[in-house]
Amino acid sequence: EAGVTQFPSHSVIEKGQTVTLRCDPISGHDNLYWYRRVMGKEIKFLLHFVKESKQDESGMPNNRFLAERTGGTYSTLKVQPAELEDSGVYFCASSRPGGGSYFGPGTRLLVL
Amino acid sequence: GEDVEQSLFLSVREGDSSVINCTYTDSSSTYLYWYKQEPGAGLQLLTYIFSNMDMKQDQRLTVLLNKKDKHLSLRIADTQTGDSAIYFCAETLPSSSNTGKLIFGQGTTLQVKP
Chain A
1 EAGVTQFPSH SVIEKGQTVT LRCDPISGHD NLYWYRRVMG KEIKFLLHFV
51 KESKQDESGM PNNRFLAERT GGTYSTLKVQ PAELEDSGVY FCASSRPGGG
101 SYFGPGTRLL VL
Chain B
1 GEDVEQSLFL SVREGDSSVI NCTYTDSSST YLYWYKQEPG AGLQLLTYIF
51 SNMDMKQDQR LTVLLNKKDK HLSLRIADTQ TGDSAIYFCA ETLPSSSNTG
101 KLIFGQGTTL QVKP
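So the protein lines, in turn, are chains A and B.
Under our numbering, the first residue of the first sequence carries the number 1, and numbering increases by one thereafter.
Under our numbering, the first residue of the second sequence carries the number 1, and numbering increases by one thereafter.
Calculated directly from the structure, the hints in this document are not laboratory data.
What you were told as hints is all true, and nothing was included just to trick you.
Cross-link-like lysine to any residue pairs, in silico, SDA-like; alpha carbons within 25 Å at most:
1) A/K41 x B/V12
2) B/K56 x B/L110
3) A/K44 x B/L93
Construct all of the structure, not just a fragment, from the sequences and the given hints.
Laid out in structure tokens, this is it:
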């Protein structure tokens with residue numbers, strides 16, 4: 001089966017601009033997660049979807065971040081407006097209920 | 001609280017054993033995981049251990065869990081240059097065991113010298 005895919009692989013934007021990251025989970029995986037790794041630090045949980053519903057968004061840093069999963073398939077994570085501290089690697093993962101998480105390759109975001 | 005700690009860097013010679021260590025603070029952890037991230041790639045699940053186990057072996061990988069000390073280790077036997085990567089320790093807690101939310105450490109960069 002195809003793995004989790006993320007687009008774009010890299011993004012360089014200026015402070016104040018908007019960026020939208022996309023994640024396509026493994027087909028049939030109801031659970032979808034977003035995580036972020038800021039330079040050299042731990043990977044932190046952002047939020048969790050079950051199908052199209054937000055199950056847990058306790059890790060979202062602030063209201064500049066908006067995640068959607070319309071139709072329960074792919075998900076987008078929009079950062080608007082981007083700040084310097086948003087730079088990092090954004091990982092998406094998906095899983096079946098009770099199953100292990102499969103991660104995508106990540107989107108490397110650099111805000112200048 | 002939720003805290004997972006790892007040393008940041010380990011360097012070994014090819015053919016030696018590598019031991020990557022991790023400590024966690026929440027004794028109620030249900031599952032503990034080791035993920036590997038190669039350059040430019042995503043996180044690959046290497047192995048996991050349930051909290052009521054002490055040890056798990058899978059080919060060159062051995063996971064040891066000391067619940068009393070809240071210490072987890074990953075031993076890689078006969079380390080190869082292809083093992084060079086960042087290794088992340090992660091846990092799930094009972095509150096999140098049904099959701100699959102992972103709590104990660106900072107990652108240990110393993111450098112394997114030929």
